[in-house]
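Use the sequences and the hints to build the structure in full.
Chain by chain, the residues:
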Amino acid sequence: MTPPLWTPVLLPVGFGILIYALPERMKRALSFIAAGAQLAACILLFREACVAPVSLSLGKWNPPVGIMLYADRFAAAMVLLTAFLFLVLLVFEADRLVSDKNFCMLFLILEGLLSGIFLLDDLFSIFIFVEVSTLVAALLIMFRRDSRSMYDGLFYMVINIFASTFFLFGLAMLYKQTGTFSLQVLGQILPDVENMTPLYLPYALILTAVCLKAALMPLFSWLPKAHGTPSAPSVVSAVLSGLYVKNGIYLFIRCQSAFQAIDTSTFFLVAGAVTAIAGAVFAIAQSDIKLILSYHTVSQIGLIMVALNMGGETAAVGGMYHIVNHALFKSVLFLGAGVVIDEYGTRNMYDIRGAFRRMPLIAVSMIAAILGITGAPLFNGSISKYLIQHDVSDTLGSAAMILINVGTLVSFIKFSGMFFGNTRIKARIFPGRTAACLILGSLCLVFGVFGVSVVRTLFGVSITIDPAGYLKKSLAFLLSAGSAWLIYRFGVRGRSIWRRVRAVDFGFNASALSVVLFFAVLTGYLYLS
Amino acid sequence: MNIGEIGAIVIFFLGVYGMIVHRNIMKSILSLSVMDAAVILFFLAGGGSGSTAAPIGSEIASGAADPIPQALMITAIVIGVAVTAVALTMLIYIHNKYGTSNWEKAGKMRERP
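Chains W and L are the protein sequences, given in the same order. Its first residue numbered 375, the first sequence is counted upward by one per residue in my numbering. Its first residue numbered 80, the second sequence is counted upward by one per residue in my numbering.
To be clear, the hints were calculated from the coordinates, so they are not data collected in a lab. Among the clues, some could well be false.
Said to hold, decoys possible - Facing chain L, a subset of chain W residues (Cβ under 10 Å, in silico): (1) N436; (2) V506; (3) M531; (4) F540; (5) L542; (6) L545; (7) A886.
Stated by the list, open to error - What follows is a set of in silico ranges between Cβ atoms, one per label pair, in the way DEER data are often shown: (8) W/I407 / L/T163: 34 to 42 Å; (9) W/E422 / L/I156: 36 to 44 Å; (10) L/K187 / W/I417: 46 to 54 Å; (11) W/T571 / L/E138: 32 to 40 Å; (12) L/M105 / W/D474: 41 to 49 Å; (13) L/I156 / W/D768: 49 to 57 Å; (14) W/E422 / L/L109: 24 to 32 Å; (15) L/T179 / W/Y844: 50 to 58 Å.
To be verified - Over the 10 Å line for every Cβ pair with chain W, so calculated as not near, a few chain L residues: (16) I85; (17) G86; (18) G94; (19) T131; (20) A133; (21) I135; (22) S137; (23) E138; (24) A143; (25) A185.
No residue lacks a Cβ here, since even glycine has one placed at the ideal position from N, Cα and C.
Okay, structure coming up:
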């Protein structure tokens, strides 16, 4: 028996409201029941979507007029990932935040909204879901209501709503030209359109908003504020960085496949490469552990963008696999960082020493995640990076790839400084936290060792890993790790130039201007090319 | 393109201009509402003009106004109200805390512990 397609959207939202309405003592059990049931429903759904794409028209109206839910294998895999991650995050917070019913309600509603964005086919409904999830995410960011997170939450919300208004304006123009919001229908009718020029403007408006959601280069200024704000609960940072930006990437993939006739892959390839390198440079400059991780998300998003726009099938699969992998290792890193911050009472990484002795299990899972994110052999990042580099043949492309990876390595060599050092103190950590970190950390290894079968299960694509090529990539990893250490030792530590990089901060008006400039450049590119 | 749509485009970019130049958080929220209103106007102006028949009843005249934009815009208005309400609540909090409603000044104060 498979549940109807609306289950992953309505089940968590319904439970969230129930938790708010029912007496206090039931909330913990209820939130775990909700997350567990959601995971079970998503597994059933994924099994069905593996056979053939599932679709459901709501209210007996079919597209182009009605609203349709549509789950192909990729969408079902993303919903499954969402359900799994939310369950693990609830385990992580079982002792503290889950005992707050406002948090449970908002967290479960966010789960439903994120699943909805993955499943919806109708662009207007996607707009509604994106707006509401922005509101919920902003409320979660400032959950502890201290002044700094209030400012960051407001900044995040206003700039995101600003971009969503662009999206809505694009939808208005799109509807006028085509008479539908359905991505499926658009994908069918647009290839037959002879003159695409009237669709350039709506396309640019929609893509500007999607790229802001995905935090592409000039539009990323909200991300470190939202994901790295000191007082935001670490599970919220993990959700935002692990899943929420993936919504932007996912929408990008869906929009690009609907608008296949408009070729912008070169534009986004360059934008992705710039994002990846700039994100790494900003990450190296930081000394706040949460901010390092946030800028890293920017850098990895750039890498995924490069993979998706390279044009090769294998690279695109690598990009999709990297979306899943990034969700895993970035969640571990944010959760681990949360534990470390609680334990040491500081976020400055130079003040944190001896974390390995003090909390061995958390440190082990964080190190697994670091090996994953840097693409060390046997870990999950190495598989997705291998696939991404599969089609790169020219020198410029390879050089850019190596540069991105060295940047990642340098910042994580800086990051791992906190594990070294001696201490006699043993941290007392709630077992749920350790368990959550260990589960996700070991998955980083499992998804690397069994990478081929995981990719086949999740995306239905058979890939082959050439042992000689993989060995060559592993050697390249060791060489880059060595050079990254040298760069860190002689080029980063104690150099004042990095302080100046750290001081670069887009204000609100500059961020709004960058949205408009991005839109203008994209429109110009479309009309001129 | 009719007069409503041209007006909507002008108003939309007025709102965008407001977002870029104003440092006051209140004015940013107002600009957001202006942009929202412009999009709603654009949708409705595209759906039909004053002379088209209303799409009501079981026998709908051919050439009646398109009902979908109108149905969607009710949703968009509701969302806009919710967003404005939450943003204003946060603004009140920030103003009470910092005594300013300027993005730059509040941002500088935020850096202090």
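Hints versus structure:
{"no.": "1", "hint": "N436", "result": "14 Å, violated"}
{"no.": "2", "hint": "V506", "result": "7 Å, holds"}
{"no.": "3", "hint": "M531", "result": "6 Å, holds"}
{"no.": "4", "hint": "F540", "result": "9 Å, holds"}
{"no.": "5", "hint": "L542", "result": "5 Å, holds"}
{"no.": "6", "hint": "L545", "result": "8 Å, holds"}
{"no.": "7", "hint": "A886", "result": "4 Å, holds"}
{"no.": "8", "hint": "W/I407 / L/T163: 34 to 42 Å", "result": "36 Å, holds"}
{"no.": "9", "hint": "W/E422 / L/I156: 36 to 44 Å", "result": "37 Å, holds"}
{"no.": "10", "hint": "L/K187 / W/I417: 46 to 54 Å", "result": "49 Å, holds"}
{"no.": "11", "hint": "W/T571 / L/E138: 32 to 40 Å", "result": "38 Å, holds"}
{"no.": "12", "hint": "L/M105 / W/D474: 41 to 49 Å", "result": "31 Å, violated"}
{"no.": "13", "hint": "L/I156 / W/D768: 49 to 57 Å", "result": "51 Å, holds"}
{"no.": "14", "hint": "W/E422 / L/L109: 24 to 32 Å", "result": "48 Å, violated"}
{"no.": "15", "hint": "L/T179 / W/Y844: 50 to 58 Å", "result": "56 Å, holds"}
{"no.": "16", "hint": "I85", "result": "13 Å, holds"}
{"no.": "17", "hint": "G86", "result": "13 Å, holds"}
{"no.": "18", "hint": "G94", "result": "8 Å, violated"}
{"no.": "19", "hint": "T131", "result": "15 Å, holds"}
{"no.": "20", "hint": "A133", "result": "18 Å, holds"}
{"no.": "21", "hint": "I135", "result": "17 Å, holds"}
{"no.": "22", "hint": "S137", "result": "17 Å, holds"}
{"no.": "23", "hint": "E138", "result": "19 Å, holds"}
{"no.": "24", "hint": "A143", "result": "15 Å, holds"}
{"no.": "25", "hint": "A185", "result": "6 Å, violated"}
Of the numbered hints given earlier, the model fails hints 1, 12, 14, 18, 25; all others are met.
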